[in-house]
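Engineer: Residue numbers (numbering that gives the first Met the number 0), protein chains in the order written: chain A, 0 to 325; chain B, 0 to 339; chain C, 0 to 343.
It is worth saying that the hints were derived from the structure and are not from the lab.
Hints are supplied without guarantee of correctness; some may be wrong.
What the hints assert, rightly or not - Here are the simulated DSSO-like cross-link-like pairs (lysine-lysine), alpha carbons at most 30 Å apart as the crow flies: (1) A:LYS85 to B:LYS212; (2) C:LYS121 to A:LYS223; (3) A:LYS128 to A:LYS79; (4) B:LYS212 to A:LYS39; (5) A:LYS223 to C:LYS118.
Unchecked claim - A few chain B positions that, by computed beta-carbon distances, are all more than 12 Å from chain A: (6) LEU27; (7) ARG30; (8) PRO33; (9) GLY56; (10) LYS58; (11) GLU240; (12) GLN279.
Owing to the predicted nature of the structure, the values given are computational and were not obtained by experimental measurement.
Virtual Cβ for every residue (Gly too), placed ideally from N, Cα, C.
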Amino acid sequence: MLEELLFLSEAPAPSGMEGARARKILEFAASLGMEGRADKLGSVIIRKNGGGRRMLLAAPLDEPCAVCCTADDKGFLRLKAIGVSKPELYNGRQVTFAGGVTGVIGLTQAKDGTPADLWCDIGAPDKEKALALCPPGAAGTFVHPAPKLRGGRIEGGGLSALAGAALLLRLIKTIENQPGDLFLVFHAQKHMGHRGLQTAAFCCEADTAVLLDAVPAGDTPDAKGGVAVDSVAVKLSEGVVSYDGELSAHFLERAGIAGVKASPYLSPDAPAGADAAQLAGRGCRVCSLALPVRFFGAACEVACLSAFESALALLRDFLHSAPAGT
Amino acid sequence: MDNLVDIVQNLSKIYIPCGAERGSCDALCKRLQPLFEKVETDALGNILCLARKGKAGEKRLMLEAHIDEVALVVSEVDDEGFVRVTSPYGMDIRSVASKVMTVHGRRPVLGVMSSVPPHLKSAAKDSEPLEWDGFVLDVGLDAQKARTLICPGDRVTFSGEPALLMDGRITGRALDNRAGAAVVLRAVQLLKRRPIACELWALLSVQEEASTKGALTGAYAINPDIAVVVDVSFGRMPGVETHEAAALSGGPMPGMAPILDRELSKRLCRAAEECGVSFQPEVMTGSTGTNAAAVQRARSGVRTALLSVPLLNMHTSGEVAALSDIEDAARVIARFAETL
Amino acid sequence: MLTAIRTLAMLPGVSGHEDAVRAEILARAGALADRAYTDACGNVLAFKKGRKRAESRVLLAAHMDEVGFVVSHVEENGFLRFLTAGGIETYVLPGARVLVGDARLPGVICARPVHLLPKDEKRLPPKLSELFIYIGADSAEKVRKAGIGPGDDAVFDGGFSTFGDGFFTSKALDDRAGCALLLELMKADLEYDIYFAFHALEEEGLRGAYGAAFAIKPDIAVVVEATTAADISVVTPEKRACALRRGPVLSFLDGRTLYDRALYERAARIADENGIPWQPKTLVAGGNDAGALQTVGEGARVLAVSLPCRYLHTASCVMHESDVANTARLLRLICDDFGGIKNA
Numbered sequence: 000m001l002e003e004l005l006f007l008s009e010a011p012a013p014s015g016m017e018g019a020r021a022r023k024i025l026e027f028a029a030s031l032g033m034e035g036r037a038d039k040l041g042s043v044i045i046r047k048n049g050g051g052r053r054m055l056l057a058a059p060l061d062e063p064c065a066v067c068c069t070a071d072d073k074g075f076l077r078l079k080a081i082g083v084s085k086p087e088l089y090n091g092r093q094v095t096f097a098g099g100v101t102g103v104i105g106l107t108q109a110k111d112g113t114p115a116d117l118w119c120d121i122g123a124p125d126k127e128k129a130l131a132l133c134p135p136g137a138a139g140t141f142v143h144p145a146p147k148l149r150g151g152r153i154e155g156g157g158l159s160a161l162a163g164a165a166l167l168l169r170l171i172k173t174i175e176n177q178p179g180d181l182f183l184v185f186h187a188q189k190h191m192g193h194r195g196l197q198t199a200a201f202c203c204e205a206d207t208a209v210l211l212d213a214v215p216a217g218d219t220p221d222a223k224g225g226v227a228v229d230s231v232a233v234k235l236s237e238g239v240v241s242y243d244g245e246l247s248a249h250f251l252e253r254a255g256i257a258g259v260k261a262s263p264y265l266s267p268d269a270p271a272g273a274d275a276a277q278l279a280g281r282g283c284r285v286c287s288l289a290l291p292v293r294f295f296g297a298a299c300e301v302a303c304l305s306a307f308e309s310a311l312a313l314l315r316d317f318l319h320s321a322p323a324g325t
Numbered sequence: 000m001d002n003l004v005d006i007v008q009n010l011s012k013i014y015i016p017c018g019a020e021r022g023s024c025d026a027l028c029k030r031l032q033p034l035f036e037k038v039e040t041d042a043l044g045n046i047l048c049l050a051r052k053g054k055a056g057e058k059r060l061m062l063e064a065h066i067d068e069v070a071l072v073v074s075e076v077d078d079e080g081f082v083r084v085t086s087p088y089g090m091d092i093r094s095v096a097s098k099v100m101t102v103h104g105r106r107p108v109l110g111v112m113s114s115v116p117p118h119l120k121s122a123a124k125d126s127e128p129l130e131w132d133g134f135v136l137d138v139g140l141d142a143q144k145a146r147t148l149i150c151p152g153d154r155v156t157f158s159g160e161p162a163l164l165m166d167g168r169i170t171g172r173a174l175d176n177r178a179g180a181a182v183v184l185r186a187v188q189l190l191k192r193r194p195i196a197c198e199l200w201a202l203l204s205v206q207e208e209a210s211t212k213g214a215l216t217g218a219y220a221i222n223p224d225i226a227v228v229v230d231v232s233f234g235r236m237p238g239v240e241t242h243e244a245a246a247l248s249g250g251p252m253p254g255m256a257p258i259l260d261r262e263l264s265k266r267l268c269r270a271a272e273e274c275g276v277s278f279q280p281e282v283m284t285g286s287t288g289t290n291a292a293a294v295q296r297a298r299s300g301v302r303t304a305l306l307s308v309p310l311l312n313m314h315t316s317g318e319v320a321a322l323s324d325i326e327d328a329a330r331v332i333a334r335f336a337e338t339l
Numbered sequence: 000m001l002t003a004i005r006t007l008a009m010l011p012g013v014s015g016h017e018d019a020v021r022a023e024i025l026a027r028a029g030a031l032a033d034r035a036y037t038d039a040c041g042n043v044l045a046f047k048k049g050r051k052r053a054e055s056r057v058l059l060a061a062h063m064d065e066v067g068f069v070v071s072h073v074e075e076n077g078f079l080r081f082l083t084a085g086g087i088e089t090y091v092l093p094g095a096r097v098l099v100g101d102a103r104l105p106g107v108i109c110a111r112p113v114h115l116l117p118k119d120e121k122r123l124p125p126k127l128s129e130l131f132i133y134i135g136a137d138s139a140e141k142v143r144k145a146g147i148g149p150g151d152d153a154v155f156d157g158g159f160s161t162f163g164d165g166f167f168t169s170k171a172l173d174d175r176a177g178c179a180l181l182l183e184l185m186k187a188d189l190e191y192d193i194y195f196a197f198h199a200l201e202e203e204g205l206r207g208a209y210g211a212a213f214a215i216k217p218d219i220a221v222v223v224e225a226t227t228a229a230d231i232s233v234v235t236p237e238k239r240a241c242a243l244r245r246g247p248v249l250s251f252l253d254g255r256t257l258y259d260r261a262l263y264e265r266a267a268r269i270a271d272e273n274g275i276p277w278q279p280k281t282l283v284a285g286g287n288d289a290g291a292l293q294t295v296g297e298g299a300r301v302l303a304v305s306l307p308c309r310y311l312h313t314a315s316c317v318m319h320e321s322d323v324a325n326t327a328r329l330l331r332l333i334c335d336d337f338g339g340i341k342n343a
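One chain only, chain A, in its complex shape:
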């Protein structure tokens, strides 16, 4: 897992500008003899032919970011956050823009629950100089400590953004011959409502899809119960978005048989566009595996290596044993 995380984080991928990371992945796939392309939104689609049932395995390509909108007279940038569910986690965070420009994020306190505004100190004395360094539209990615492996735990930043992609990448590295046409997709703009997943799913026309992702772990003192960090989360529903009951039950059952820790995951909130794969074209049976991550969205997060390995095992098993009719 660590290897994949480090590989992916070498290139930044703010939503809408994932090109650098996309290229790395495509080069890597090519080196393994697998054909791939990027679609119009920048999603990476790698195809492995096997004939028969069409299956889509998808993970997000992009990471949360902050886009510069304007600057104020004192040279502070005004940013729009993308993919930031808890703004309070970003106060004091370091952010990097293209050309080596770095800054520190601040929050203006919101009254009565309206979302807080992000501003950024890049050390510019005035508006003109600020925008010269960082023009409107420039996307900054958040700086965080590099992931490190400590006794079975991965500690570091960016885990929530990259866990799904890391899983998919590892699967690609170790994939053997399996039945069916596989579409391995790193979808762009997840944080803008899963737009890249929508277009990629439309192209792939899969019968079944497994979405790979990360979710907040539910086993810390402040959590009200949920999935433990060393367990694989099998998503059942998020708000009004339901995942295929039969497929989800299949994962949980297979986990039980194999002695792998997996738990059902339900969340009251639906991330925008989470049903994109289900609704594309003729539709698709969609289920989702996720890695639980502690301190979700914070500068330093924690995930569990064994959960990663478990998810991988479940995925490999699924490629061979998926229920009939999927």
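Position chains B and C against the provided structure of chain A, taking the given hints into account.
Structural biologist: Below, chains B and C alone, put in the same frame as chain A:
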């Protein structure tokens, strides 16, 4: 051939909870076979039925009704064996206390939704909003046994079978939208004996109560030229403004809205007049809150009309519709199909 | 015993409209007791001779009325305004099925659709004035022709179901279950003479009890009621009052009555000596016919032996069969003991 009361009652007896429809849909397919040339389900569980194959050059007409019902979702079985629930699909929270419910777990499990007795409530509570985490579902089992039967994610619906009231009214827990589905099936029945010049499909969709998007994939696959979406809308009662609702037994409600095809809306009204059926137009803007929003958007767009049946007590355990409105709606659609 | 409870619970008997259940109880009591008759309040009173003459006059009482509705006004569009007889929370009403009038016409309680409510009202319990019974008639004239008018009663229509491990649910378990226990006692070969009262109008101010007590003049009155159990996980332990599956509830104090301490302790001892589980009521709330029986005429020593019951005053009261069995056993022992208490 079933008569209308049987169609409505038989449809209403099946549990099809939103987001977990597949099992019931597969079972329903078998019962629909006699009425259609072809019956299939899609990836989401929508049921696509071909009633009449068209000849070259004929338009393709699709009648649509959602068959999922509002439901609760089990979030956990607590240590005392009570079931905790969340409500993503719009069940009316004012209608659940002390109602008998069914948990669709490993097998159907009967339970009673809790209420707190008058003696233990303070006067202040009357003006406090009800909260879902203030309710538990009492299934009469200890935690261990309950957990073998019930898992997080299982759906919970109201229990019970429909009943007839006087003057051809019917009450039940899922008339939204089994009433609409009955209209579609009845219309297909009526059209079997009539010459029409179009290909005829019926789409019974899932997940409408989730996001009115379930029909999207069904409409994509069928790819109709014209669609009529059938749903339920608000019935008149004291306290509901006359302009916000329609009278039960006053006839079906042709929809008028920016997203609906204006010519088709007019044709529905004309079809009603030609049948001698009184009708009550319903004007809306925005998405209309029905599957018309999904169907209209499929592929390159579909010319869509909407016809609704007045309903009392929507999203409660005791919804009420008039059988005459269901029959009249079916007659209007049959006439509409004839004129295409 | 469940069959007997079911039969009684399914009969309509809203306070003031107890005719159907009164007839059934009178018939059964008539067949089992030495004397059974009705009085001006609508009570059924009965007397069963025991093997010995009683030292104290002992009365066992339950009430046969249930909470329900009374039609107050017929709207022009056929909807019926109604009032509640007995305390019913409005938030159990939207969507509830009812049976209206002597003809028992099926109806549904209607509320405004939640979709049309302003956001801050969508989760508020409705006001009674905003709820209407709909029987399917769309004009006042049609309602009249159907034989329904102001003053008619309406009763919950929900059926009787068993569920879980030994639980059962129905309307009116408060207090048809108590009535069933009394009728069961009448079948036995009792040690002492016992008076039985099946009160009307308990839910509307204990009015049947006042009348019965004045006529019978008991020394000791044991009220057999359903008492509120809030033993569900969303209620903190101190507020649960009592719990299902822990046996009959003996009350020392409720919202209205201080029970006779000596009788309370005597009943507890009888239960302990015979291995019958029992529980005290741990929350002061509610009231029952004891409130009337204690203070009428020269007064009486009162005790309440109750069945724990969840979701009181709804269409789905819940009890457990073990509590019914244990309460039946305890009541039998009490009957055969209290009659021998010497009158001070």
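Engineer: Each hint should be assessed against the structure and marked as holding or not.
Structural biologist: Do the hints match the structure? See the list:
no.: 1; hint: A:LYS85 to B:LYS212; in the structure: 28 Å, holds
no.: 2; hint: C:LYS121 to A:LYS223; in the structure: 27 Å, holds
no.: 3; hint: A:LYS128 to A:LYS79; in the structure: 19 Å, holds
no.: 4; hint: B:LYS212 to A:LYS39; in the structure: 25 Å, holds
no.: 5; hint: A:LYS223 to C:LYS118; in the structure: 28 Å, holds
no.: 6; hint: LEU27; in the structure: 16 Å, holds
no.: 7; hint: ARG30; in the structure: 20 Å, holds
no.: 8; hint: PRO33; in the structure: 24 Å, holds
no.: 9; hint: GLY56; in the structure: 25 Å, holds
no.: 10; hint: LYS58; in the structure: 21 Å, holds
no.: 11; hint: GLU240; in the structure: 29 Å, holds
no.: 12; hint: GLN279; in the structure: 30 Å, holds
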